[in-house]
Amino acid sequence: MAITRDDVEKVSLLARLQLNGEEIERLTGELARIVEYVDHLNEVPTEGIEPMAHAVEVHNVFAPDEIQPSLPREEALANAPSHNNRAFLVPPVLG
Amino acid sequence: MPTLSPLIYTPATELLRRLQEGEISAVELTQAYVDAIATREQRIGAYLRVEAERALQQAIAIDDRRRKGHTLGKLAGLPVAVKDVLCDKSTRTTCASRMLENFRPPYDSTVVAKLKAADAVLLGRTNMDEFAMGGSTENSAFQITRNPWDLERAPGGSSGGAAACVAAEMAPLSIGTDTGGSIRQPAGLCGVVGLKPTYGRVSRYGLVAFASSLDQVGPLARTTQDVALLLESIAGHDPRDSTSLDQPVPEYSKSISEPLKGLRIGLVQEHFAEGLDSEVESAVREAIRVYESLGAVVKMVSLPHSKHAVATYYVIAPCEASSNLARYDGVHYGHRTDQVAMLAELAEERKLLEGAKDEVGLERLDSSLVRMYRRSRSEGFGQEVKRRIMLGTYALSAGYYDAYYLKALKVRRLIRQDFDHAFCEVDLIAGPVTAQTAFRLGEKVDDPLAMYLVDLYTVSANLAGIPGISLPCGFDKAGLPIGLQLLAPPLEEERLLRGAYMYEQANDWHKHRPKMD
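Chains L and X are the protein sequences, given in the same order.
If you're matching positions, the first sequence starts at 12 in our numbering and goes up one per residue.
If you're matching positions, the second sequence starts at 35 in our numbering and goes up one per residue.
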């Protein structure tokens, strides 16, 4: 399935990326070529094959329900681009 | 030019013995490597940060404790370089990305914690492709790394710094990560030994995630014996990584010298196809003859789905990456765009749309929060990371999920089944690591698909979760190293290392060193 410029713009919003015109142009071509390559997977018959999400078959791993120390707030905020010592700060969300 | 200490040419296992017997001190050894770095690093660029001061302080403390007769860890005094993707709370962890340029992790990854507990001396943090995405280390946001065998060529990637620092004797041991070949491929291109363990053998706790079902941490060194030593120091179950395997860790460095009797080696017919360089092929076939001379039986096996491995990988890995990298939002940590400029940009766009009475455009205009995310991420990520996030987001988006992601997961199972069948016939699979020797810097940067195809022989092991090793098996006419890849069934690292050691003992390829001074 060919990828269009419009697809790339839509996906860039889903991916929370802001692309300029030149980037959209280039990515449209590059992604189209990569997708054309991976489209060869359609040739492989996979009827009745279970998808394999993990290299090791995963099973539930239970941990005892014990209270353990968590990251202190000060350390959790230490790398934040903006904070007020209590919370992460973001630009106004409403309005 | 100062004369460098001969210690830098000595294998880590031998250095450890000398440290334990008091023939050398940790300070003397660390200083030898700090001197080598001072002389050579400017030409290679393997390290993002050399932490000489911290390393010497660690070495002083270890020597002091040894003098006092205290119990020391199993790597006490041995310098180790760490890829800048494993969290270490005593330094920054950047993943070679602008996004994490100033990130200081609040905790240690399990691998770094194990190295510290083993009293290893942490020399510095090595360069890599941004977020481990790439095969040449050219995707680092900060610097390129040069191949010590030819400074105009790439060291491979993504653990290019990890391989180059070992090849150039700027560290005896180093830690890399391998999601599609990122330890084995640079090890092959730089003429060192690199091992990707079974998925789950080494904890991923505190490893910055790229593709969680494929990522694995592993050792690089100049000999198989040294790789065995480092592997047994970092492997093991970790309650903090629910995918880590609860299996005992054998003493790989002890059993490695026992030859494998009645060894059956498999050659994959699909590996010897179009695209394989003739010099690489001859070196690999010669290595197989060495195994035969050691009593091994060689059989042809087939991995019929291996031709789909790269396509499968380049669906699954970007899908997982797009999800994992969603966490970089400019809120909790990492780069955030300039808020004033961002709000001004939005106001300007709104004015234009209002002037044009573009109702649809106004409806679609980003909120300030969404624009903050988008600008922060676009400024923080490099081209390859954006490409993979876009690819993964596309493949996971409504209408394409079944066609790409689910399909790839099914083919992944077929790839694993091929290995299961092959390992009923043979004990180890042998083949090339890459189809060509080291390529020139810049040669593939404008062709993402060509760069992806470099992973042809390595990605299958990640998809199947099996262990693999790359070790030197010759040189081409240009003097560039050629790597031999061995693969084993899950959790058979011991067999893999014993098989690799047998070959290593029968030749001296691993003793060839690049001309550095």
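Note that these hints are calculated values from the structure, not bench results.
By construction, the Cβ of each residue, glycine as well, lies at the ideal position given by its N, Cα and C atoms.
Just so you know, not all the hints are guaranteed correct.
To be verified - Computed far set for chain L versus chain X, every beta-carbon distance over 12 angstroms:
no., residue
1, Val22
2, Arg44
3, Asn96
As the list claims (entries may be wrong) - Covered stretches of chain X, going by a simulated chain L footprint (3 or more residues, C-beta under 8 angstroms):
no., region
4, 97-105
5, 201-215
6, 265-279
7, 312-318
To see whether the hints hold, each was checked on the structure:
no., hint, in the structure
1, Val22, "violated, 5 angstroms"
2, Arg44, "violated, 6 angstroms"
3, Asn96, "holds, 15 angstroms"
4, 97-105, "violated (count 0)"
5, 201-215, "violated (count 0)"
6, 265-279, "holds (count 4)"
7, 312-318, "violated (count 0)"
Hint violations for this structure: numbers 1, 2, 4, 5, 7, all remaining hints satisfied.
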